[in-house]
Amino acid sequence: MKKSPTKTGSFHPAAALDYLPTEQLRALQLGRLQHLARRVYERVRLTRDRMDASGVKPEDVRSLEDIRLLPFTVKTDLRDTYPFGMFASPMEEVVRLHSSSGTTGKPIVVAYTKQDIDVWSSVMVRSFIACGLNEHDVIQNAYGYGLFTGGLGAHYGAEALGATVIPISGGNTDRQIMVMKDFGVTAICCTPSYFVHMIERAGELGVNLQDFPLRVGVFGAEPWSDGMRRHIEEESGIKAHDIYGLSEITGPGVGIECACEQGLHVFEDVFYPEIVDPDTGEPLPDGIEGELVLTTLAKQAIPMVRYRTHDITAIRTGPCACGRTIRRMDRIGRRSDDMFIIRGVNVFPSQIEAALLAVEGALPHYQIVLSRDKGLDTMEVQVEVTPAVFSDTVGALESLQGRLGKSIENVLGIHVDVRLVEPHTIERSIGKAKRVIDRRNANA
Amino acid sequence: MKIHQLSVFLENRRGQLNVPCGILAQAGVDIRTLSLADTQQFGILRLIVSDWQRAKQVLEAHECIVHLNQVVAIEVPDRPGGLSDVLKVIDHAAVDIEYMYAFTLGSGRAVLIFRFNDPDTAISQLQAEGINVVGSSQFQELFTA
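Chains S and G are the protein sequences, given in the same order.
If you're matching positions, the first sequence starts at 1 in the working numbering and goes up one per residue.
If you're matching positions, the second sequence starts at 1 in the working numbering and goes up one per residue.
A hint or two may mislead.
Selected chain S positions facing chain G (in silico; Cβ < 8 Å) [to be verified]:
no.	residue
1	D226
2	R419
3	I426
The calculated lysine to aspartate or glutamate pairs, modelled on EDC-like cross-linking and capped at a C-alpha distance of 20 Å, are [what the hints assert, rightly or not]:
no.	chain 1	residue 1	chain 2	residue 2
4	S	K434	S	D279
5	G	K88	G	E129
6	S	K75	S	E200
7	S	K106	S	D80
8	G	K56	S	E204
9	G	K56	S	D226
Since the hints were derived computationally from the structure, they do not count as laboratory data.
Only a predicted model underlies this, so the values are computations on that prediction, with no experimental measurement involved.
Even glycine gets a Cβ: it sits at the ideal position worked out from N, Cα and C.
Let's have the full structure, built from the sequences with the hints guiding it.
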């Protein structure tokens with residue numbers, strides 16, 4: 001069956017803010033920023049104390065550039081004030097709480113007023129529209145429902161769009177595939193690594209996603225490469241869009257890729273982006289790569305001022321063929337904090353993925369294992385063997401191993417061990433993929 | 001004149017060899033002969049079995065990585081020089097051996113299994129020298145006689 005192409009460039013009234021003339025957008029942003037500065041100064045003690053310490057008053061914010069006068073907010077601020085210390089709305093105005101699991105201690109709690117939920121839903125609607133979806137679509141939402149923002153965020157947005165939403169949540173892959181087929185699903189929301197797992201499982205069940213009406217994937221919650229996108233699109237026949245968001249800011253719907261694949265449009269009328277040097281915090285101009293810093297211009301319950309995301313990207317200002325005037329950011333391939341250092345070399349998992357994909361036939365099921373042997377750090381990249389690359393001779397497999405190792409070495413400049421492993425020995429992810437196992441402290 | 005051989009990818013870890021062997025035992029497939037190529041990290045188990053279609057099906061159903069390929073089986077007298085006589089012909093034919101293994105049948109006979117880079121040239125040269133290249137059905141008969 002030939003799949004209908006994704007509609008592009010079609011204007012939808014709910015996405016009108018995406019096309020605002022730049023001057024008008026900047027005026028809207030400034031008004032909101034000034035309001036935000038007053039709100040946090042009056043209501044959030046931590047931010048007020050920091051502003052006082054640097055002698056900054058809300059009325060000092062006279063232009064958008066003056067955002068630099070305001071203090072940064074970091075993740076530990078939310079932990080230190082756990083659970084409600086950064087709320088700017090009384091609990092009777094808060095209609096929902098979400099929380100992210102703390103891998104390093106306390107979790108963080110985020111809150112939403114009724115208006116916050118409406119704004120969140122509106123950016124999800126704009127995201128879905130940018131992916132070519134409308135009220136005729138059937139959206140299977142396989143993001144986890146619950147305290148994680150992905151599930152409910154996509155859910156409310158899909159309903160607000162008027163689409164049919166299937167709140168299946170994550171897990172039970174066989175049922176996901178059955179529902180996708182039986183309910184005539186046209187769009188899927190989940191992490192890209194989980195969708196790769198669905199493609200693989202569908203193959204084992206003897207069904208081909210190419211034969212389904214599925215045409216769009218809205219993938220986020222973890223960094224993924226263009227190689228992985230091509231793999232997904234070739235194997236399933238869908239158009240894969242990258243969606244960006246984080247709970248601290250609101251959840252999914254901070255930025256979305258339109259069909260032009262020229263980066264992610266940031267809904268900057270509500271999420272104001274800056275790029276700073278990750279080490280010094282110095283602002284960097286558009287077009288230069290650095291750490292993304294976001295300010296919530298419209299959030300009531302827990303406004304974030306200059307929140308350090310640790311995500312590495314660059315802001316792009318040139319026009320996009322889709323006609324949207326809001327700025328774009330490059331796809332996020334790495335974070336300033338998932339980088340690891342091995343023998344003095346900074347390594348991002350995305351670099352390993354790109355190197356593996358550069359070698360013919362290598363599919364993205366891999367894992368990086370760091371360990372320490374007699375004080376020396378070692379890095380092993382485990383790659384699952386597939387029927388496509390398996391050969392009968394030791395020489396051919398050793399040559400594959402060698403080419404994979406060489407490809408990584410070319411990128412990183414250090415030697416790594418590549419180990420070919422049997423299929424399904426690397427754990428599959430339902431949520432975010434765990435690409436790096438660091439055993440260096442366990443066996444030091 | 002070629003016979004089917006299955007190659008199975010194995011990680012070089014304790015207990016791995018019995019994964020495919022156990023699956024074949026369960027399925028009632030008889031292993032006629034085998035060879036194991038190994039490196040420090042992984043191995044390739046090469047098998048010639050009583051029923052390759054069934055073996056491939058059950059192994060794949062258990063998520064083994066299986067490669068089907070064709071090898072050449074040669075029956076030779078089990079005496080000093082039996083192998084060497086065959087190798088001379090192969091050298092003369094300028095064919096490369098990718099790997100080989102062998103077993104004896106008792107009663108003075110042995111079977112050599114070869115993977116050649118150019119099996120067709122090898123077979124015609126061996127047959128021209130009167131060497132017994134064993135086909136699929138004849139190979140299976142060796143075990144039922």
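Taking the hints in turn, this is what the structure says about them:
no., hint, in the structure
1, D226, "violated (28 Å)"
2, R419, "holds (6 Å)"
3, I426, "violated (12 Å)"
4, K434(S) / D279(S), "violated (26 Å)"
5, K88(G) / E129(G), "holds (11 Å)"
6, K75(S) / E200(S), "violated (36 Å)"
7, K106(S) / D80(S), "holds (9 Å)"
8, K56(G) / E204(S), "holds (15 Å)"
9, K56(G) / D226(S), "violated (35 Å)"
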